[in-house]
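Using the sequences and the hints, build the whole thing.
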Amino acid sequence: MSMINYASREINCKLVYYGPGLGGKTTNLEHVYNKVAPASRGKMISLATETERTLFFDFLPVDLGTIRGFKVKFHLYTVPGQVYYNASRKLILKGVDGVVFVADSQIERMDANIEAMQNLYENMTQHGYDVTKIPFAIQYNKRDLPNAAPIPELQTALNPGWPVTDPSKQRVTPDPYHDSEYLVRQEDGQWVERAPYFEAVALTGEGVFDTLKAISKNVVKTLG
Amino acid sequence: MSGASSWSFREDDSRRIQSILSAFLGESNARTALIVDRTGQMVSTAGETPAFDATAFASLTAADFSANDQLARMLGENEFGALFHQGERESMYLADIARRVILVVLFDNRTTLGLVKLRVKTAVVQLNQVFTDMFNRDGTSAPGVESEFLGEAEDEIDKLFGS
Ligand SMILES: Nc1nc2c(ncn2[C@@H]2O[C@H](COP(=O)(O)OP(=O)(O)OP(=O)(O)O)[C@@H](O)[C@H]2O)c(=O)[nH]1
Ligand SMILES: [Mg+2]
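Protein chains in written order, with numbering that gives the first Met the number 0: chain Z, 0 to 223; chain W, 0 to 162.
The set of hints was computed from the structure by calculation and includes no laboratory data.
Quantities reported herein were computed from a predicted structural model and do not represent experimental measurements.
It is possible that part of the hints are untrue.
[Unchecked claim] Subject to a maximum C-alpha distance of 25 Å in a straight line, what follows is the list of computed DSS-like cross-link-like pairs (lysine-lysine):
| # | chain 1 | residue 1 | chain 2 | residue 2 |
| --- | --- | --- | --- | --- |
| 1 | Z | K132 | Z | K220 |
| 2 | Z | K93 | Z | K132 |
| 3 | W | K158 | Z | K216 |
| 4 | W | K158 | Z | K34 |
| 5 | Z | K34 | Z | K212 |
| 6 | Z | K168 | Z | K132 |
| 7 | Z | K72 | W | K158 |
| 8 | Z | K42 | Z | K216 |
| 9 | Z | K220 | W | K158 |
| 10 | Z | K216 | Z | K132 |
| 11 | Z | K70 | W | K158 |
| 12 | Z | K212 | Z | K132 |
| 13 | Z | K168 | Z | K212 |
| 14 | Z | K93 | Z | K212 |
| 15 | Z | K34 | Z | K216 |
| 16 | Z | K220 | Z | K72 |
| 17 | Z | K220 | Z | K93 |
| 18 | W | K158 | Z | K42 |
| 19 | Z | K72 | Z | K132 |
| 20 | Z | K42 | Z | K212 |
| 21 | W | K158 | Z | K212 |
[What the hints assert, rightly or not] Computed footprint of chain Z on chain W, listed as stretches where at least three residues anywhere in the stretch have a Cβ under 8 Å from a Cβ of chain Z:
| # | region |
| --- | --- |
| 22 | 32-40 |
| 23 | 52-66 |
| 24 | 150-161 |
A virtual CB, placed ideally from N, CA and C, is assigned to each residue, including glycine.
Next up, the structure:
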């Protein structure tokens, strides 16, 4: 995690929403901003173009309250999804505690999703981070659209899993969010882990808080 | 460490930093000095309490500084050690500390950029020392959170984000 401030007794956790352009990252933050009790959130800052495309980032601080003497805050950021904003996208990952990858479910956006996922891995590596070792969740957004790809197809392309080498993590872990699916299991003799995933319609808010709850709980676990 | 590198900030660190910042404010006639971490979090403030939203200010400062860092590299510079933004009444001066945090000085026409730059040098040297010490001891002496913390935090997350 980034920092525990024992002087002001504050813990700030940085959550970054990553993903292809127009996937719905900013829409996720807007929904959180509109629905969380105003006393529990700060101002939302959006550095955007005139056409509301994210230029640098969106920022929304959310206050969890005081827990065991510490004020706990989540700092929610989005990155600009458009390919040519990579330099600023990479800067925002600095000090990240948890990543939400917002994929655009539309079949036509499959390549853009894959490219953005590869770009996430590259940028994390360049910071010296490993996305498979920090809290990480995938959100399949725009499930309302008729051209949304089926979930198994998206899972195969974007969440194929990574090998689990740490023996202490090599045990069957059911996916708490989907019946008879697994986050960790053996496949062809290999231990494989996948990121938890969520279906969403960010425009109506469906799935937005499920995603945020899951990632923030996983981030809090890393503090213990 | 697989994710972001962690560091902790203790009360004795805070006292050392406060005394450096107060001395600097006294000598330079600047209004406010802030320490912001490069990930966008406010670490410490001294002097007049700013009227603006400090959390938002910290995230913008970090973004501003890191964007300029990249610009410096494109020009073949290792870094711009400092930045200056001039307003009609209010100005700000930003300086790198130990490559991990940023010192932000807010000042108005009660002083001059020249005086701020002159006095900030000592403060930067001292702060570099404090933060380098702090990062070196990383994780060795920091008391963790209590064991009940996790369960209570999860309850609060359910309450805040709906269960
Ligand atoms: N139909 C549908 N449209 C959505 C959904 N979520 C977002 N949108 C729309 O998709 C467009 C892009 O959403 P943004 O939230 O701005 O996307 P972004 O990921 O922040 O895009 P960049 O800032 O360019 O990276 C907007 O017009 C949204 O209203 C959804 O679940 N369903
Ligand atoms: Mg956006």
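A quick look at each hint next to the structure:
Using a Cα cut-off of 25 Å, the hinted pair K132 (chain Z) and K220 (chain Z) holds, with the two alpha carbons roughly 13 Å apart. Restraint check: the Cα-Cα separation between K93 (chain Z) and K132 (chain Z) comes to about 15 Å, which is no more than 25 Å; the hinted pair holds. Under the criterion of a C-alpha separation no larger than 25 Å, the hint pairing K158 (chain W) with K216 (chain Z) is consistent with the structure, at around 12 Å. Proposed proximity of K158 (chain W) and K34 (chain Z) is supported: the alpha carbons are some 12 Å apart, at most 25 Å.
Taken as a hint, the K34 (chain Z) and K212 (chain Z) pair is honoured in the structure, with Cα atoms around 14 Å apart against an allowance of 25 Å. Of the pairs offered as hints, the one joining K168 (chain Z) and K132 (chain Z) holds, with about 11 Å between alpha carbons and a cut-off of 25 Å not exceeded. Taking the CA atoms of K72 (chain Z) and K158 (chain W), the gap is near 14 Å; set against the 25 Å cutoff, the hint holds. Straight-line distance between C-alpha atoms of K42 (chain Z) and K216 (chain Z) comes to about 23 Å, which keeps the hinted pair within the 25 Å bound.
Distance hint between K220 (chain Z) and K158 (chain W) is fulfilled; the C-alpha atoms sit about 17 Å from each other, no more than 25 Å. Between the alpha carbons of K216 (chain Z) and K132 (chain Z) the distance comes to roughly 15 Å, so the proposed pair stays at or under 25 Å and holds. Restraint check: the Cα-Cα separation between K70 (chain Z) and K158 (chain W) comes to about 16 Å, which is no more than 25 Å; the hinted pair holds. Distance hint between K212 (chain Z) and K132 (chain Z) is fulfilled; the C-alpha atoms sit about 19 Å from each other, no more than 25 Å.
At roughly 23 Å between alpha-carbon atoms, K168 (chain Z) and K212 (chain Z) fall within 25 Å of each other, so this suggested pair holds. With a C-alpha separation of about 22 Å, the suggested pairing of K93 (chain Z) with K212 (chain Z) holds against the 25 Å cut-off. Of the pairs offered as hints, the one joining K34 (chain Z) and K216 (chain Z) holds, with about 19 Å between alpha carbons and a cut-off of 25 Å not exceeded. A threshold of 25 Å between alpha carbons decides the hint, and for K220 (chain Z) with K72 (chain Z) the separation of about 14 Å falls inside it, so the pair holds.
Our distance criterion of 25 Å between C-alpha atoms is met by K220 (chain Z) and K93 (chain Z), whose separation comes to about 20 Å. Taken as a hint, the K158 (chain W) and K42 (chain Z) pair is honoured in the structure, with Cα atoms around 21 Å apart against an allowance of 25 Å. Distance hint between K72 (chain Z) and K132 (chain Z) is fulfilled; the C-alpha atoms sit about 22 Å from each other, no more than 25 Å. A distance of roughly 20 Å separates the Cα atoms of K42 (chain Z) and K212 (chain Z); the hinted pair therefore holds under the 25 Å criterion.
At most 25 Å may separate the alpha-carbon atoms for a hinted pair to count; K158 (chain W) and K212 (chain Z) meet this at roughly 10 Å. Using a Cβ-Cβ cut-off of 8 Å, 5 residues of the region 32-40 of chain W lie near chain Z, which meets the minimum of three, so the contact claim holds. Check on the region 52-66 of chain W: 9 of its residues sit with their Cβ under 8 Å from a Cβ of chain Z, so the three-residue criterion for coverage holds. A count of 9 residues in the region 150-161 of chain W with a Cβ less than 8 Å from any Cβ of chain Z is obtained; the coverage claim is therefore met, three being the minimum.
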